[in-house]
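Engineer: Letter by letter, the chains look like this.
There are 2 protein chains.
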Amino acid sequence: MSQTLEDSAKQRLVIENVRPSVDGGAFPAKVVSGWPVTVSADIFCDGHEVIAAAVVLSDGSEHRMRHLGNDAWEAEVRFAGIGHDRFAIRAWRDPFGTWRRDALKKLGAGQDISVELQELDALLAPMRARRGEGAEMKALKTAAKRRDIDTILSDEIAGFMARSGPRQSLTLSADHRVHVARERAAFSAWYELFPRSLGPGDRHGTFRDVIAHLPYVAGMGFDVLYFPPIHPIGQTNRKGRNNSLTAEPDDIGSPYAIGSDEGGMDALHPELGTMADFEALVAAAQGHGLEIAMDIALNASPDHPWIREHPEWFERRPDGTIKYAENPPKKYEDIVNFRYYLDGEAPNLPLWSAIRDLFLFWAGHGVMVFRVDNPHTKPFPFWEWLIADVQKRFPEAIFLSEAFTRPKVMKRLAKIGFDQSYTYYTWRNTKDELTEYLTELTTEECRDYMRPNFFTNTPDINPIFNQTSGRPGFRTRVIMAASLSGNWGMYSGFELCEGEPLPGREEYRDSEKYERRPRDFDAPDSIREDVRLINELRRSEPAMKDFRNLRFFPAFHDEVLYYGRFDPGTRSYLLFHVLIDPFRPAEFEFEVPLWEFGLPDDASVEVQDMLQGNSFTWHGKAHRLELDPVERPYAIWKLTPPGGVS
Amino acid sequence: MSQTLEDSAKQRLVIENVRPSVDGGAFPAKVVSGWPVTVSADIFCDGHEVIAAAVVLSDGSEHRMRHLGNDAWEAEVRFAGIGHDRFAIRAWRDPFGTWRRDALKKLGAGQDISVELQELDALLAPMRARRGEGAEMKALKTAAKRRDIDTILSDEIAGFMARSGPRQSLTLSADHRVHVARERAAFSAWYELFPRSLGPGDRHGTFRDVIAHLPYVAGMGFDVLYFPPIHPIGQTNRKGRNNSLTAEPDDIGSPYAIGSDEGGMDALHPELGTMADFEALVAAAQGHGLEIAMDIALNASPDHPWIREHPEWFERRPDGTIKYAENPPKKYEDIVNFRYYLDGEAPNLPLWSAIRDLFLFWAGHGVMVFRVDNPHTKPFPFWEWLIADVQKRFPEAIFLSEAFTRPKVMKRLAKIGFDQSYTYYTWRNTKDELTEYLTELTTEECRDYMRPNFFTNTPDINPIFNQTSGRPGFRTRVIMAASLSGNWGMYSGFELCEGEPLPGREEYRDSEKYERRPRDFDAPDSIREDVRLINELRRSEPAMKDFRNLRFFPAFHDEVLYYGRFDPGTRSYLLFHVLIDPFRPAEFEFEVPLWEFGLPDDASVEVQDMLQGNSFTWHGKAHRLELDPVERPYAIWKLTPPGGVS
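If you're matching them up, the sequences are chains C and H in order.
If you use our numbering, the first sequence corresponds to residues 3 to 648, in order.
If you use our numbering, the second sequence corresponds to residues 3 to 648, in order.
Source of the hints: derived by calculation from the structure; they are not laboratory data.
Warning: the hint list may mix true and false statements.
Same chains, same names: a pair is fine if it fits in one copy or spans any two.
[To be verified] Simulated pairs of lysine-lysine, BS3-like, Cα-Cα distance not exceeding 27 Å:
(1) Lys433 <-> Lys640
(2) Lys394 <-> Lys12
(3) Lys12 <-> Lys108
(4) Lys413 <-> Lys547
(5) Lys332 <-> Lys410
(6) Lys332 <-> Lys515
(7) Lys332 <-> Lys107
(8) Lys108 <-> Lys325
(9) Lys325 <-> Lys147
(10) Lys108 <-> Lys332
(11) Lys547 <-> Lys433
(12) Lys325 <-> Lys623
(13) Lys107 <-> Lys394
(14) Lys108 <-> Lys333
(15) Lys433 <-> Lys325
(16) Lys515 <-> Lys547
Just so we're clear, the structure is a prediction, and the values are computed from it rather than from any experiment.
Please put together the full structure from these sequences, using the hints given.
Structural biologist: The following block contains the structure:
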């Protein structure tokens with residue numbers, strides 16, 4: 003018999019289907035520092051002995067699991083700090099628990115247990131009184147000696163022995179990896195703007211203009227302020243307004259064509275200001291509770307300094323020209339791509355390092371949130387290495403993946419380290435579409451590694467729905483983005499109900515990508531009060547934090563989405579009704595989910611209308627409500643179920 | 003930069019979600035020698051290059067995968083031989099495929115591709131003409147030199163380059179383990195009988211009596227003949243008839259209390275015959291196409307020789323008595339359990355080896371099929387080691403797990419090596435219950451490792467349904483067991499519609515476990531013709547082999563189960579209607595699944611009634627059928643859809 007069999011034989015209990023887990027441990031599950039995490043597993047042993055199990059954290063602390071039935075066990079734990087961590091599960095046979103269970107059954111059947119009491123002596127013999135357990139241990143040993151069955155079988159002794167009794171066949175699971183992030187990785191509200199648009203009149207905006215605008219952004223309750231690229235913009239093949247191939251002399255170009263004689267991805271556009279101005283902005287934002295998020299777009303304009311300095315970082319064609327980006331037959335001649343692999347095989351590691359150093363450079367200037375443009379067109383191993391390396395030096399760094407592509411590609415980017423992911427939210431409009439998509443995000447395996455960021459719009463996406471929805475559709479899309487997802491975002495102008503498209507396109511007319519777009523932020527149609535309200539609710543109600551608590555409830559109308567966000571631990575219970583149709587009112591029945599509180603269908607529950615502020619009582623399960631696109635396109639309720647029940 | 007990054011960077015493509023796979027590779031997936039296996043995976047790369055992929059078997063053969071869309075790929079492969087094997091997936095970027103796709107798009111848009119043709123030269127430069135590819139390679143190089151675009155873009159060259167063109171970023175998956183079994187592991191029909199009952203009149207049956215009975219068993223189309231234990235039976239605390247605690251002098255005892263002065267688990271009950279008789283039976287059975295399956299029940303009677311010879315293999319109590327089996331407050335004083343672990347911790351390896359040697363002993367006497375009694379009350383690591391060790395020496399050995407217990411425990415036994423598993427079939431009676439259970443078995447992850455064996459009944463289970471169903475219920479339960487599962491079994495007497503219970507129990511009255519039970523196998527109510535018919539169909543129709551091809555179809559009646567078994571490769575298409583209610587006829591509509599053949603709802607399909615033998619045509623999708631408990635409790639149809647469509 004080999005030593006291997008001796009070892010494997012000792013793993014007598016089965017610990018399987020451990021959650022959270024990603025691809026059988028190939029990637030860490032994502033958790034948030036300080037947030038509760040439910041660790042679950044299927045645990046069992048051969049035979050009929052009583053067993054017990056616990057989650058063990060890397061600090062050695064043990065968290066007992068409870069049996070839910072059908073061999074499913076779980077415990078709630080919390081990870082402290084940020085960075086990579088791990089947990090394991092240990093399970094064991096509990097000989098005292100088995101002895102007690104069987105003794106109770108035999109006594110109940112009137113059987114003699116004198117031999118069983120001798121077995122108890124043998125079971126207790128190896129146990130010594132440990133510090134702090136002396137009294138209970140002594141009481142048990144005395145009771146065993148005196149055959150004092152009532153004491154031996156008492157709840158006190160049972161509790162003591164569950165904690166301190168012998169453990170048999172102790173079995174340890176493999177380590178399971180987690181990545182612990184700070185809360186903003188999972189719970190954030192983003193506002194996107196182009197700094198160059200903030201100058202008054204025709205003047206190019208500056209970082210100082212952004213500082214002056216911070217109260218407006220912070221006043222709506224956002225906590226991340228995100229800019230498209232703020233670097234020098236190329237001249238060669240510069241795009242004109244509305245993406246025209248020829249730029250007029252006064253066209254300012256797309257900020258995504260990065261690099262000119264004035265510098266590249268580690269430089270600032272000179273008209274925006276100096277590095278000192280930028281650092282002043284980062285500091286001022288912080289004073290308003292805002293973090294600056296930077297856009298990392300790995301697109302070089304043909305004028306980027308690296309092309310001169312590092313020709314080996316770019317592909318060339320047989321005719322000697324540099325290879326520009328294309329999606330045949332479309333050509334993007336204002337952008338050239340990096341050469342991540344040499345001859346398609348060996349990684350171009352000096353380039354990889356240089357890009358990594360860009361992130362480190364901006365992190366060194368106070369930027370800890372990075373929105374990465376089109377990560378799916380760069381190699382996966384590159385991102386996996388880069389994110390781990392940056393977060394090793396700056397554990398608080400957060401990466402948002404801007405990959406609007408196929409589902410498995412988006413999920414892979416999340417697995418390999420992106421903390422947040424853009425989503426299909428802008429293309430999910432009907433009740434069915436939203437229900438199906440959110441059910442996937444909150445209940446399928448991706449819930450363990452993918453954190454959606456629901457943007458209502460972006461400079462690239464002028465949602466078809468909002469092109470005709472009018473103000474009601476802007477209000478409901480904001481409310482849903484902010485209450486269905488832990489992270490959400492809005493690109494400037496959405497709060498002003500801007501939706502004019504290039505005809506037949508999902509693009510904005512006069513897109514801000516190619517020109518300045520000054521706005522009147524005090525326009526009367528602004529929905530900033532809705533934005534402020536929902537962001538305020540996100541901050542005040544614990545139920546709004548972990549979006550995976552989302553549950554859909556029955557509202558009997560095809561145009562009404564009805565859902566809840568419940569946090570029993572803090573008794574934070576919210577219900578949302580949203581009218582999806584922006585044109586027609588809806589009157590409908592809905593069910594108050596009394597069953598979620600263990601209440602009968604005729605129970606009553608206190609409720610507060612979070613828009614109007616008034617409180618009242620809902621009697622029974624069935625209720626009617628009317629929503630109206632203009633007057634009341636959504637309703638938010640805070641429930642207070644009878645005390646003690648949760 | 004570490005070497006590790008250089009290596010991981012080369013894994014540029016993603017190969018994930020590989021199937022078949024069990025618990026992320028913790029256990030081998032189960033396959034059958036020579037049967038088709040669909041290997042699938044999600045495969046993709048960053049960017050937009052054309053990629054390709056193949057399954058690689060351990061003999062080095064490469065089987066190209068096809069892209070199903072949404073990054074899902076699959077290929078059909080077959081494993082030869084029996085024993086442990088493995089496969090891997092390799093994927094790569096196809097530079098010629100990408101070049102060709104883009105060139106076609108550019109030409110379609112009227113763009114010049116002269117620089118692209120220079121790129122083609124560079125792409126082809128490293129390629130040399132290999133043996134057998136000389137002509138195509140030469141043609142391509144000539145065409146490239148001449149700028150002969152039509153030839154370069156021809157289908158012939160595309161096919162040649164898909165086979166032989168350069169591969170970039172070649173990425174290899176991990177090895178995925180499979181266990182390859184002979185067909186009987188997945189496809190078998192079992193008949194169970196007590197040899198001792200086969201003697202005429204009051205005489206104890208013998209192996210010779212079994213030999214005389216073989217034509218009856220083989221005539222019904224079975225291929226495994228299985229006996230409860232055939233070893234000497236203990237005297238101490240022997241159970242009497244109907245499980246009474248006191249045996250009369252002439253009571254023959256339960257064969258599950260194994261061992262007496264006449265020998266233990268490696269001996270034969272003297273009244274059944276000698277080892278020579280047994281070997282003669284094994285040989286005679288083989289002549290009838292039957293394999294003998296032995297019952298391995300690790301229950302020693304208090305008289306088993308091992309108790310005397312190896313006292314350390316059994317638990318003792320403080321009063322010096324040997325520990326008998328119990329499920330408090332119930333006691334099983336005719337059976338003692340083995341001591342698999344010493345002090346509950348170290349494996350009792352001499353005992354483990356001795357039990358392993360029992361399997362080897364019987365395998366040495368020609369038994370290659372083992373039904374293991376209550377494996378879930380013995381340690382999982384013990385079985386995992388034992389099965390692997392026995393199958394290393396006897397790769398054709400098959401293990402059936404008799405674990406009627408919680409689902410996860412049953413599944414674990416299948417994962418660790420049991421080839422077949424008893425199931426909940428006897429407790430699944432309604433249309434909903436059967437549909438839900440079969441959907442789990444055929445579509446959930448257990449399909450990769452658990453092979454159900456649907457027994458209609460066992461000596462321990464007299465199904466409640468059959469206690470009152472009368473003959474119609476015996477017929478339908480046989481038909482469903484044999485057509486819903488690859489493996490099925492029947493315990494003697496079921497074909498005679500025996501169902502008299504101990505009142506209020508799921509047990510047979512006068513159970514054969516405790517007494518002989520001679521039968522008139524020619525009784526007029528026998529349903530052996532149904533058994534013969536379904537076993538014959540299983541042998542003649544390829545669609546009956548892999549039970550995972552099961553599909554349910556719409557029959558608009560709550561008491562009618564309607565399903566299909568289709569094997570497109572051999573054009574074997576069967577439909578089954580089964581009337582579950584044994585008392586009332588049912589007339590109902592059903593849909594011929596024309597959509598499965600890509601046919602419109604008004605198409606016609608040839609159909610043969612497999613009971614009556616006549617053939618005719620079904621026109622259109624909707625049809626009516628009447629089933630009747632007595633005249634026609636089930637129908638079986640063989641379809642012949644229009645040729646070429648499959």
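Engineer: Indicate which option fits the pair lysine 107, lysine 394 if close means a Cα-Cα distance not exceeding 27 Å: within, between, both or neither.
Structural biologist: neither (56 Å within a copy, 44 Å between copies)
Engineer: Within a copy, between copies, both or neither: which one fits lysine 515 and lysine 547 at a CA-CA cutoff of 27 Å?
Structural biologist: neither (33 Å within a copy, 61 Å between copies)
Engineer: My question is about lysine 413 and lysine 547: at a cut-off of 27 Å on alpha-carbon distance, are they close within one copy, between copies, both, or neither?
Structural biologist: Within one copy only: 22 Å inside a chain, 37 Å across chains, cut-off 27 Å.
Engineer: How would you classify lysine 332 and lysine 515 at a CA-CA limit of 27 Å: within, between, both, or neither?
Structural biologist: This pair counts as within: shortest intra-copy Cα distance 19 Å, inter-copy 79 Å.
Engineer: Please work out whether the CA atoms of lysine 433 and lysine 640 approach to 27 Å or closer within one copy, between two copies, in both situations, or in neither?
Structural biologist: Within one copy only: 22 Å inside a chain, 43 Å across chains, cut-off 27 Å.
Engineer: Could you place lysine 108 and lysine 332 in one of the four classes (within, between, both, neither) given a Cα distance threshold of 27 Å?
Structural biologist: For lysine 108 and lysine 332, only the inter-copy Cα distance (9 Å) is at most 27 Å; the intra-copy one is 82 Å.
Engineer: For lysine 325 vs lysine 147, is the C-alpha pair at or below 27 Å within one copy, between two copies, both, or neither?
Structural biologist: For lysine 325 and lysine 147, the Cα distance is within 27 Å only across copies (23 Å; inside one copy 88 Å).
Engineer: Given a CA cutoff of 27 Å, do lysine 394 and lysine 12 count as a within-copy pair, a between-copy pair, both, or neither?
Structural biologist: Close across copies (22 Å), not inside one copy (37 Å); limit 27 Å.
Engineer: If the cut is 27 Å between Cα atoms, do lysine 12 and lysine 108 qualify within a copy, between copies, both or neither?
Structural biologist: Answer is neither: 30 Å inside a copy and 65 Å across each miss the 27 Å cutoff.
Engineer: Give the relationship of lysine 433 and lysine 325 under a CA distance limit of 27 Å: within one copy only, between copies only, both, or neither.
Structural biologist: For lysine 433 and lysine 325, neither the intra-copy (45 Å) nor the inter-copy (63 Å) Cα distance is at most 27 Å.
Engineer: For the identical chains here, do lysine 547 and lysine 433 meet the 27 Å Cα criterion within one copy, between copies, both, or neither?
Structural biologist: within (23 Å within a copy, 43 Å between copies)
Engineer: With identical chains treated as interchangeable, where does the CA-CA distance between lysine 332 and lysine 410 reach 27 Å or less: within a copy, between copies, both, or neither?
Structural biologist: Only inside one copy: lysine 332 and lysine 410 sit 25 Å apart there, 54 Å across copies, limit 27 Å.
Consistency with the previously given hints fails for numbers 3, 12, 13, 15 and 16, ordered from lowest to highest.
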